[in-house]
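Got chain A; can you put chain B on it based on the hints?
2 protein chains.
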Amino acid sequence: MSIVVMKFGGTSVADAGRIRAAARRAIQTHRRGHQVVMVVSAMGETTDHLLDLARQISPDPPKRELDQLLATGEQVTISLVAMALEEMGARAISFTAGQIGLVTDDIHTKARIKSIDVRRIREQLDAGRIVIVAGFQGVTESGAVTTLGRGGSNVSLVAIAAALGAEVCENYTDVDGIHTADPRIVPNARKIPRISYDEMLELASLGAAVLQNRAVEFANKYNVPIHVRSSSNTKQGTMIVAETESMERIVVSGAALKDKLARVTLRNVPDQPGVAARIFHTLANAHTVVDDIIQTTDQHKRATVSFTIDLADLLDARKVVAGLCKALGCKAVFEDHLAKVSVVGVGMRTHTGVAERMFSALARARINIQNITTSEIKISCLIDRSQGRRALRLVHDAFDLGRKPKSVKKARKEGSGR
Amino acid sequence: MSIVVMKFGGTSVADAGRIRAAARRAIQTHRRGHQVVMVVSAMGETTDHLLDLARQISPDPPKRELDQLLATGEQVTISLVAMALEEMGARAISFTAGQIGLVTDDIHTKARIKSIDVRRIREQLDAGRIVIVAGFQGVTESGAVTTLGRGGSNVSLVAIAAALGAEVCENYTDVDGIHTADPRIVPNARKIPRISYDEMLELASLGAAVLQNRAVEFANKYNVPIHVRSSSNTKQGTMIVAETESMERIVVSGAALKDKLARVTLRNVPDQPGVAARIFHTLANAHTVVDDIIQTTDQHKRATVSFTIDLADLLDARKVVAGLCKALGCKAVFEDHLAKVSVVGVGMRTHTGVAERMFSALARARINIQNITTSEIKISCLIDRSQGRRALRLVHDAFDLGRKPKSVKKARKEGSGR
Chain A
143 MSIVVMKFGG TSVADAGRIR AAARRAIQTH RRGHQVVMVV SAMGETTDHL LDLARQISPD
203 PPKRELDQLL ATGEQVTISL VAMALEEMGA RAISFTAGQI GLVTDDIHTK ARIKSIDVRR
263 IREQLDAGRI VIVAGFQGVT ESGAVTTLGR GGSNVSLVAI AAALGAEVCE NYTDVDGIHT
323 ADPRIVPNAR KIPRISYDEM LELASLGAAV LQNRAVEFAN KYNVPIHVRS SSNTKQGTMI
383 VAETESMERI VVSGAALKDK LARVTLRNVP DQPGVAARIF HTLANAHTVV DDIIQTTDQH
443 KRATVSFTID LADLLDARKV VAGLCKALGC KAVFEDHLAK VSVVGVGMRT HTGVAERMFS
503 ALARARINIQ NITTSEIKIS CLIDRSQGRR ALRLVHDAFD LGRKPKSVKK ARKEGSGR
Chain B
143 MSIVVMKFGG TSVADAGRIR AAARRAIQTH RRGHQVVMVV SAMGETTDHL LDLARQISPD
203 PPKRELDQLL ATGEQVTISL VAMALEEMGA RAISFTAGQI GLVTDDIHTK ARIKSIDVRR
263 IREQLDAGRI VIVAGFQGVT ESGAVTTLGR GGSNVSLVAI AAALGAEVCE NYTDVDGIHT
323 ADPRIVPNAR KIPRISYDEM LELASLGAAV LQNRAVEFAN KYNVPIHVRS SSNTKQGTMI
383 VAETESMERI VVSGAALKDK LARVTLRNVP DQPGVAARIF HTLANAHTVV DDIIQTTDQH
443 KRATVSFTID LADLLDARKV VAGLCKALGC KAVFEDHLAK VSVVGVGMRT HTGVAERMFS
503 ALARARINIQ NITTSEIKIS CLIDRSQGRR ALRLVHDAFD LGRKPKSVKK ARKEGSGR
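Sequences listed follow chains A and B, in order.
Start counting the first sequence at 143; every next residue gets the next number (my numbering).
Start counting the second sequence at 143; every next residue gets the next number (my numbering).
In isolation and in its complexed conformation, chain A is listed as follows (with noise of 0.2 Å):
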């Protein structure tokens, strides 16, 4: 029997109707004949709620105690979930990641997951019940509670799906599947039927909310095909797969818009080798997660770093700094106000001229790049955050994401190769 994992993110399971709606889904899935686990979120902005509360006691909590304070959200909707399930007439049991022993490293607040014990699942697909299974949290091996990090609730669907072997993940969220840009921001972004790992990969790192980049990296190393849809209606989302050679000939799939960076500036840095080394392996043990990085020297021996961060580490990330600006003699500077504007496609591989069409557009509109990084599949700008939804708007138009792809021969005449 086929096993399908569900996960319905926070806004899906926001009240008692949306929980009601969400059992009931499971239920139909149930009643066509899989086995059913789903994974849930806590209910709307109860995790906001439970972070203000940690506020109200300390401006910086150890992180154990907020791993523990936090992951009381998930489990308040296992436990409505399974009730809502059994009062339809389905059996169903709720697990916190502690009682299916879905175990993590001990990195609080953005543990990593090291392996899950599905027998306890499998023992109750077996017997018949729907399984709800708390998401964004593990245990470490002595029993403390982790969590995976905001959107951590996808990583822990992939990751039971992949050890399951499941079928297929579904994501149940409140957008209809990925667009070609959020459509919050630009009203004609398009949903996307199918994409690929490696699109969703550089979609999701810059910026793209639905899934988390963990989740799909996971979902690419054992090939759990994820279907990212709606909780509110019955349409097909969009599939995210191993790639095709189909998906080439799109040269842009989507764009994206990551508008909470953060930039640290070290000047005065000694010009040495290691030096780099030493300053982003100190930011690694202390988790920070690094994003692009520049560095310029001058002629007196003394370089620039500068590198950004997600304004959300960038408390933590002063405390380091300090620590390495005592220990090199540089000098620190911190910026807030940044966002990043990015295009990606695995078309991009095969074709020419989209950094061209893309910097053009910036510049028409008088948007000033700050910085710039590619990769096979996408290129990113460094702007101002007060411009950053305008331009995601303008990037979106220059290359016609509103409209169905054309096929690249059509492409390729009107001269818009590289």
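Heads up, a few of these hints could be off.
Copies of one chain are not kept apart here, so a pair can be met inside one copy or by any two copies together.
Straight-line distance between alpha carbons at most 20 Å, and here's what the computed DMTMM-like set of lysine to aspartate or glutamate pairs gives [stated by the list, open to error]:
1. Lys205 to Glu229
2. Lys546 to Glu390
3. Lys461 to Glu229
These aren't lab readings, by the way, just hints derived from the structure by calculation.
Structure of chain B alone, referenced to chain A:
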């Protein structure tokens, strides 16, 4: 180094300010050279709020899931208390029941503690940390979350104190101690400085909300003194201790009102040996706690069996009773408007006239007594709920409980002996 276990009830941790106050108390005790364990309840109205959520989903949710839900309330508090302690410079660590191996049976919503593995608590205490444990909850051998019933945090308190061999357990609450009656109902109620476990047991089972009888039983069994005191001042509260001779001089120590009682009356029950046993065996199997029982028989070999239960158990009892009626051919009547007023004192064992004085007080006020039950140290009268509060005040006055207790010698002179 002696261990002090401090319990803070829901009102004593209702917001960030009170959580900080509780943390401050713990730090003071720690600085006086004690090892400190804190047992905490859910904040303020959290448990009621969670119950509301559950009821929006299901009128009668599966109890396993209800426990999974309710246990989150205490988990929120422990993490916030740990944060507050760390913020104030102390070292602290929080534990759920699962994390310290507080194992119960699997009677969900009313579980009983089977064992506590205190190694983890001791390790942390010896490392200089203040340990915060979630009250009210446990886990089964297989890892399901259980709860110990309303007021179960006090059971946690005493059980943990007993397991650790603590010197004293302190029960911080929103009242100054145990009173001669509930001060919210009886304005001239007086704080009792010392009370025996037996008296407290009677008072607790008769409706004195401060301590649950299971907590006092535990304390009695392991001879752990409980200090019931206010979280908002440093006054001495009430010490609950083993009975001493001097206590017998006080005829009546306190009066109590249990005002949420229901009565189930089974009419036309076959008057045969074993029928009553069957009825109460069935109820016990359904974990319905039966309070008082009355049985009468008519000339047609049919009996009427009547018993009182907590109003909260009425829904469960209705189901069980429906089955019984079908099997026995009897008819059930349910009443939900009853209350019980009681007086308690170890001095009753050796003194007379107590019952008469109580009945007269109620009779003079034209309060109809629907049933009377007694033990060695208590007398209870079942009355209509609408007269409950007035009855409590009358009885309290009848025994002069608002005044400092007279010595028995003097009382005898005044002719108050039985």
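Now for the hints, and whether the structure bears them out:
When the C-alpha separation of Lys205 and Glu229 is checked against a cutoff of 20 Å, the pair qualifies only between copies, where the shortest distance is 12 Å, while the shortest distance within a copy is 37 Å. When the C-alpha separation of Lys546 and Glu390 is checked against a cutoff of 20 Å, the pair qualifies only within one copy, where the shortest distance is 15 Å, while the shortest distance between copies is 91 Å. Proximity of Lys461 to Glu229 under the C-alpha cut-off of 20 Å is restricted to the inter-copy arrangement: shortest distance 17 Å between copies versus 50 Å within a copy.
Hint compliance for this structure: every hint is met.
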